[in-house]
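Given the structure of chain R, go ahead and fit chain V onto it with the hints provided.
Note that the protein sequences, when read in sequence, are chains R and V.
Residue numbering for the first sequence follows my numbering, starting at 1 and increasing by one per position.
Residue numbering for the second sequence follows my numbering, starting at 258 and increasing by one per position.
Calculated directly from the structure, the hints in this document are not laboratory data.
Every residue, glycine too, gets a C-beta built ideally from N, C-alpha and C.
Among the clues, some could well be false.
Claimed, not checked - Examples of chain R residues toward chain V, derived with CB under 7 Å: (1) Gln30; (2) Asn62; (3) Tyr71; (4) Asn102; (5) His105; (6) Tyr107; (7) Leu144; (8) Ile146; (9) Leu149; (10) Ala153; (11) Phe155.
As the list claims (entries may be wrong) - Result set (BS3-like, lysine-lysine): computed pairs, CA atoms no more than 30 Å apart in a straight line: (12) R:Lys75 with R:Lys91; (13) V:Lys705 with R:Lys75; (14) V:Lys762 with V:Lys751; (15) V:Lys750 with R:Lys165; (16) V:Lys750 with R:Lys256; (17) V:Lys720 with R:Lys129; (18) R:Lys242 with V:Lys705; (19) V:Lys705 with R:Lys256.
What the hints assert, rightly or not - A few chain V residues that don't get close to chain R, going by computed Cβ distances all over 10 Å: (20) Thr297; (21) Leu317; (22) Ile383; (23) Met469; (24) Asp583; (25) Gln607; (26) Gln670; (27) Asp706; (28) Ile707; (29) Lys718; (30) Lys750; (31) Ile807.
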Amino acid sequence: MIRNILKAIYTVVLVLVCSMYASAQSQALQDSLTQANNYAKDGLNAQAINTYEYILSQGYTNASVYYNLGYAYYKQGNLGRAILNMERAKKLNPNDPDILYNLEHAYAMTDQMQVVEPVFFEAWWAGFKNILSPNGWAVVVVILFILALCAIAGFLFANNIALRKVGFFGAMVLSIFCIVALTIAINKRSEIIDSTEAIILSSSVTLSTSPDKNGSEMAILHEGTHVEIVSLLNEWAEVRLKDGNVGWLKVADFEKI
Amino acid sequence: MMTVNKHILRFITLSLIFCLTSLGLMAQTSFTGQAPSTVTVGENFRVIYKVNADVNNIRLPELDGINILYGPSTQHSTSYSSINGKVTTSVENSFTYVMRIDKVGTYNIDPATITVEGQPVRSNAITINVIKDASSSSNATQGGQKQQSQPGTAQSSGNKDDIIIVQSLNKSSVYEGEAVVLTIKIYTNADLNNIFDAKEPSLDNFVSQDLMEDRSLQFQLGEYNGRTYHVALAGRYLLIPQKSGNITIDPTEYEFGVKKRIRNGGGGFFSGFFDDIQIYRQRVASKSLSLNVKPLPQPRPAGFSGGVGTNFKFNVSATPDQVETDNSIQVKVAVSGEGNLKILSLPKPQFHQDFDSFDPKESSNLKAGANGFMGSREAEYLIIPRRDGDFEIPQLSFSYFNTEQGKYVTLTQGPFPIHVAKGANSGNNQSTQVFQGGQREQVQYVGKDIRYLHTNDTELKSKDDFFLFSGAFWTCIFCPLAILIACFFAYRKKIKDNANMMAVKKRRANKVAKKRLKKAQSFITKNERENFFDEVMRAMWGYLSDKLSIPMSELTKDNAREKMLEHSISEADADEFINVLDACEFARYAPAELSDKMEDIYNRAADVIGRMEK
Numbered sequence: 001m002i003r004n005i006l007k008a009i010y011t012v013v014l015v016l017v018c019s020m021y022a023s024a025q026s027q028a029l030q031d032s033l034t035q036a037n038n039y040a041k042d043g044l045n046a047q048a049i050n051t052y053e054y055i056l057s058q059g060y061t062n063a064s065v066y067y068n069l070g071y072a073y074y075k076q077g078n079l080g081r082a083i084l085n086m087e088r089a090k091k092l093n094p095n096d097p098d099i100l101y102n103l104e105h106a107y108a109m110t111d112q113m114q115v116v117e118p119v120f121f122e123a124w125w126a127g128f129k130n131i132l133s134p135n136g137w138a139v140v141v142v143i144l145f146i147l148a149l150c151a152i153a154g155f156l157f158a159n160n161i162a163l164r165k166v167g168f169f170g171a172m173v174l175s176i177f178c179i180v181a182l183t184i185a186i187n188k189r190s191e192i193i194d195s196t197e198a199i200i201l202s203s204s205v206t207l208s209t210s211p212d213k214n215g216s217e218m219a220i221l222h223e224g225t226h227v228e229i230v231s232l233l234n235e236w237a238e239v240r241l242k243d244g245n246v247g248w249l250k251v252a253d254f255e256k257i
Numbered sequence: 258m259m260t261v262n263k264h265i266l267r268f269i270t271l272s273l274i275f276c277l278t279s280l281g282l283m284a285q286t287s288f289t290g291q292a293p294s295t296v297t298v299g300e301n302f303r304v305i306y307k308v309n310a311d312v313n314n315i316r317l318p319e320l321d322g323i324n325i326l327y328g329p330s331t332q333h334s335t336s337y338s339s340i341n342g343k344v345t346t347s348v349e350n351s352f353t354y355v356m357r358i359d360k361v362g363t364y365n366i367d368p369a370t371i372t373v374e375g376q377p378v379r380s381n382a383i384t385i386n387v388i389k390d391a392s393s394s395s396n397a398t399q400g401g402q403k404q405q406s407q408p409g410t411a412q413s414s415g416n417k418d419d420i421i422i423v424q425s426l427n428k429s430s431v432y433e434g435e436a437v438v439l440t441i442k443i444y445t446n447a448d449l450n451n452i453f454d455a456k457e458p459s460l461d462n463f464v465s466q467d468l469m470e471d472r473s474l475q476f477q478l479g480e481y482n483g484r485t486y487h488v489a490l491a492g493r494y495l496l497i498p499q500k501s502g503n504i505t506i507d508p509t510e511y512e513f514g515v516k517k518r519i520r521n522g523g524g525g526f527f528s529g530f531f532d533d534i535q536i537y538r539q540r541v542a543s544k545s546l547s548l549n550v551k552p553l554p555q556p557r558p559a560g561f562s563g564g565v566g567t568n569f570k571f572n573v574s575a576t577p578d579q580v581e582t583d584n585s586i587q588v589k590v591a592v593s594g595e596g597n598l599k600i601l602s603l604p605k606p607q608f609h610q611d612f613d614s615f616d617p618k619e620s621s622n623l624k625a626g627a628n629g630f631m632g633s634r635e636a637e638y639l640i641i642p643r644r645d646g647d648f649e650i651p652q653l654s655f656s657y658f659n660t661e662q663g664k665y666v667t668l669t670q671g672p673f674p675i676h677v678a679k680g681a682n683s684g685n686n687q688s689t690q691v692f693q694g695g696q697r698e699q700v701q702y703v704g705k706d707i708r709y710l711h712t713n714d715t716e717l718k719s720k721d722d723f724f725l726f727s728g729a730f731w732t733c734i735f736c737p738l739a740i741l742i743a744c745f746f747a748y749r750k751k752i753k754d755n756a757n758m759m760a761v762k763k764r765r766a767n768k769v770a771k772k773r774l775k776k777a778q779s780f781i782t783k784n785e786r787e788n789f790f791d792e793v794m795r796a797m798w799g800y801l802s803d804k805l806s807i808p809m810s811e812l813t814k815d816n817a818r819e820k821m822l823e824h825s826i827s828e829a830d831a832d833e834f835i836n837v838l839d840a841c842e843f844a845r846y847a848p849a850e851l852s853d854k855m856e857d858i859y860n861r862a863a864d865v866i867g868r869m870e871k
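Okay, chain R solo, but in the shape it has when bound (with noise of 0.2 Å):
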């Protein structure tokens, strides 16, 4: 009910904002969509891909855009940057229940791995997390705190002594709330402008132990698998798999997220 609510809201302020920014430049890259998707139709992924990309270059996107550039890569056959592109749409649209299928379809044709679980609190923040998008929050945010402002206005003008206090612990409240859904919003913002997740593209690299030609190997990855980023140095990075193990990666051998 309140997810409807608050997605009823979300909806108006986007088309609001949207519209805002609406101009010709934009309206040309939304007939690039249309025929980009009239291309993915007809199973022209090739061309299909180069318009997606065409739209992306162009500074605009969206969750669909990056699913079905990821639909189309798969399609084509490339693994890892479906991978990538999926992963990005999920960002932005975390609970999508086909961006969730597919993301798990195409990891298991990627190399299997002991995956560390997380600790159970740290698993049900990330889910809270994910409820909903960057811009969700934001508008989380926005309400929670006009509320908190509802309720302070409630402790100062009340004559009644019990809403006086309802308003009181109220604003307290919805305070806290407010300040969480902020940094949970701030969060989600800097994971998209500047992630610490990856993709691997290139079809096999080896995972060294250390930065360098003279490192030994660790492992040999694949396309398509899923790596944290944990440091950087020059064209090497310090890398996490999803089994812990940490190792060092050339850059341009994958994407971020």
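Chain V only, in chain R's frame:
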């Protein structure tokens, strides 16, 4: 032919022996030289001299154009045998030379000489024919030569060591899956007795089929490398390569038992009858073969299931095409032609889920031939429709690689529409099935793929377009905040104003009360009791309301005392105030005699207001 030859040979041998024995000389000493009658240029060959006496002083004649590479190597053996109680000792020395001739031609090696008990003994002369190096599978026999022979056999049939095994393929280059025939032949002039050991190549990379029904060796005369041999077919295999690349077929190796006639030392007139036939073993190997297997071209069509060959025919039938539910339909999938029919897989038809289908019954009628398997293969499916309606067995396609045309050919059949009418009992069955519960099938997922595109057009957004910290975001934050702050200040001002008003009222309370009381006083003089008490009560209530800043409507006699005490008015004054009010109320309705005098009330009221004002 052979037997005639043998007869002649035997005759010559017999007569020769007869001569020798009748001469009675040198019967004890035999000295023979052996060499292959034909060698190729540059080939190493052996010349062996054997003598049945204990000597070691062999002298070779001058050899013109013949190189001695090695020799002589001597072998000495002594054997004792007891035949019919007579013990004979035989001694044998052999001298082996390895020689080579580098020019084509006919070479004679003059008799070699040894000295036995002071007498020189000469061997036979040897003639060697040197030919050009031909395609040379005859070389293969060289390695296998090993002899252990008895003296006195120089006269036995000419090229007794010549056993050649030849492997051949009918094609040198084929496509993966294309049939090729491997033939193994034995060429020989030796008198073969039996085969002790046969090692045929392991045909691991092929599907192979033996094309021979009768494995016994049937010798016929034939020619090989310009020479006449007895030829027998030792094996014929149909091979279907299973991988591409250069495939090597290992040599075939046989160990033959070769019959050899041996003269008994002394001999006699009838020695031919008493000749021993000895069998010695000889191991011969063929050369290995290599076959170039070309991979099938890419891309392969969708319906390709491994078929390679020619003249393939594809036939699918579904009968009958109109049935009632629970009656069976027969679907036949048949492929016929010539090629690797035995190993290709037949296309599998897809049946609607409402059809029960059973594992197919497969049958084949194949004959192996030089171009692979000929004939047909068939799979027969039995399907039973469980629900009525119009169904379709989808189009079925079969692709094969045509080796004649060098390209893929796709054959299609169908689709086959099938009309299923409701059977007589099916209505009842349906309802019982539903209630039996267990009859319902779980949905079968045939193939899983990623989910389809999101095809509805969605609004594009700028990549950096975040609602958080955007203009709209700050607007949404600051507008309500500003409204709240504005409200707060407005509220504060209103409170302040109210407070001011009350202060004024408080200040004016005494004045108003006095004014009212003055008016009441005027009623005393006029002796209007009711108006007087009304006026006093109004004055007192009005005073209290202004004094305590409580609206008149909220004041009652019940809460007045409390409120007064809250506003730090002494208990005595509060009580007096209430008492005066009670007195007024009472006096208003009571007869004049019973009530207090108007002057008393007036004074008390004025007193209590005055006290409260201090």
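Now the hints, each set against the structure:
Hint on Gln30 (chain R) holds. Least Cβ distance to chain V is approximately 6 Å, under the 7 Å limit. About 5 Å separates the beta-carbon of Asn62 (chain R) from the nearest beta-carbon of chain V, less than 7 Å, and the hint is met. Annotation: Tyr71 (chain R) was flagged as interfacial toward chain V, and the flag holds, the nearest CB pair being 5 Å apart, inside 7 Å. About 4 Å separates the beta-carbon of Asn102 (chain R) from the nearest beta-carbon of chain V, less than 7 Å, and the hint is met.
Checking His105 (chain R) against chain V: minimum C-beta separation of about 5 Å stays under 7 Å; hint holds. Proximity of Tyr107 (chain R) to chain V is violated relative to the hint, the smallest CB-CB distance being about 11 Å (cut-off 7 Å). At its closest, the beta carbon of Leu144 (chain R) sits 11 Å from a beta carbon of chain V; the interface hint therefore is violated under the 7 Å criterion. Taking 7 Å as the C-beta cut-off, the interface hint given for Ile146 (chain R) holds, the closest approach to chain V being about 5 Å.
Here the hint on Leu149 (chain R) is kept, as its CB sits about 5 Å from the closest CB of chain V, short of 7 Å. Annotation: interface hint on Ala153 (chain R) holds; nearest CB of chain V at approximately 6 Å, less than 7 Å. Among the interface hints, the one on Phe155 (chain R) is violated; its C-beta lies about 11 Å from the nearest C-beta in chain V, farther than the 7 Å criterion. Between Lys75 (chain R) and Lys91 (chain R) the CA atoms are separated by roughly 22 Å; this keeps the pair inside 30 Å, and the hint holds.
For the hint pairing Lys705 (chain V) with Lys75 (chain R), the CA-to-CA distance comes to about 13 Å; that is within 30 Å, so the pair holds. Straight-line distance between C-alpha atoms of Lys762 (chain V) and Lys751 (chain V) comes to about 16 Å, which keeps the hinted pair within the 30 Å bound. Proximity of Lys750 (chain V) to Lys165 (chain R) is assessed by CA-CA distance (about 23 Å); at most 30 Å being required, the pair is judged to hold. Taking the CA atoms of Lys750 (chain V) and Lys256 (chain R), the gap is about 57 Å. The hint is violated against a cut of 30 Å.
A threshold of 30 Å between alpha carbons decides the hint, and for Lys720 (chain V) with Lys129 (chain R) the separation of about 20 Å falls inside it, so the pair holds. A distance of roughly 25 Å separates the Cα atoms of Lys242 (chain R) and Lys705 (chain V); the hinted pair therefore holds under the 30 Å criterion. Of the supplied pair hints, the one linking Lys705 (chain V) and Lys256 (chain R) holds, its CA atoms being roughly 29 Å apart against a limit of 30 Å. Annotated as non-interface, Thr297 (chain V) keeps its C-beta farther than 10 Å from every C-beta of chain R; the closest such distance is 54 Å.
No Cβ of chain R comes within 10 Å of the Cβ of Leu317 (chain V); the nearest lies about 69 Å off, and the non-interface call holds. Remark: the non-interface label on Ile383 (chain V) is consistent with the geometry, its nearest Cβ contact in chain R lying 69 Å away (cut-off 10 Å). Once the 10 Å rule is applied to beta carbons, Met469 (chain V) is consistent with being away from chain R; the minimum gap is 49 Å. Asp583 (chain V), annotated as away from the interface, keeps every beta carbon of chain R farther than 10 Å; the closest lies near 38 Å.
Against the 10 Å criterion, Gln607 (chain V) stays outside the reach of chain R, whose nearest CB is about 22 Å from its own CB. With 10 Å as the threshold on Cβ separation, the claim that Gln670 (chain V) sits away from chain R holds: the shortest Cβ distance comes to roughly 26 Å. Listed as outside the interface, Asp706 (chain V) is inconsistent with that label: its C-beta sits roughly 8 Å from the nearest C-beta of chain R, within the 10 Å cut-off. At roughly 4 Å from the closest C-beta of chain R, the C-beta of Ile707 (chain V) falls inside 10 Å, breaking its exclusion from the interface.
At the 10 Å boundary, the C-beta of Lys718 (chain V) falls inside the reach of chain R, the nearest C-beta of that chain being 6 Å off. No beta-carbon of chain R comes within 10 Å of the beta-carbon of Lys750 (chain V); the shortest separation is about 13 Å. No beta-carbon of chain R comes within 10 Å of the beta-carbon of Ile807 (chain V); the shortest separation is about 14 Å.
The earlier numbered hints that this structure contradicts are 6, 7, 11, 16, 27, 28 and 29.
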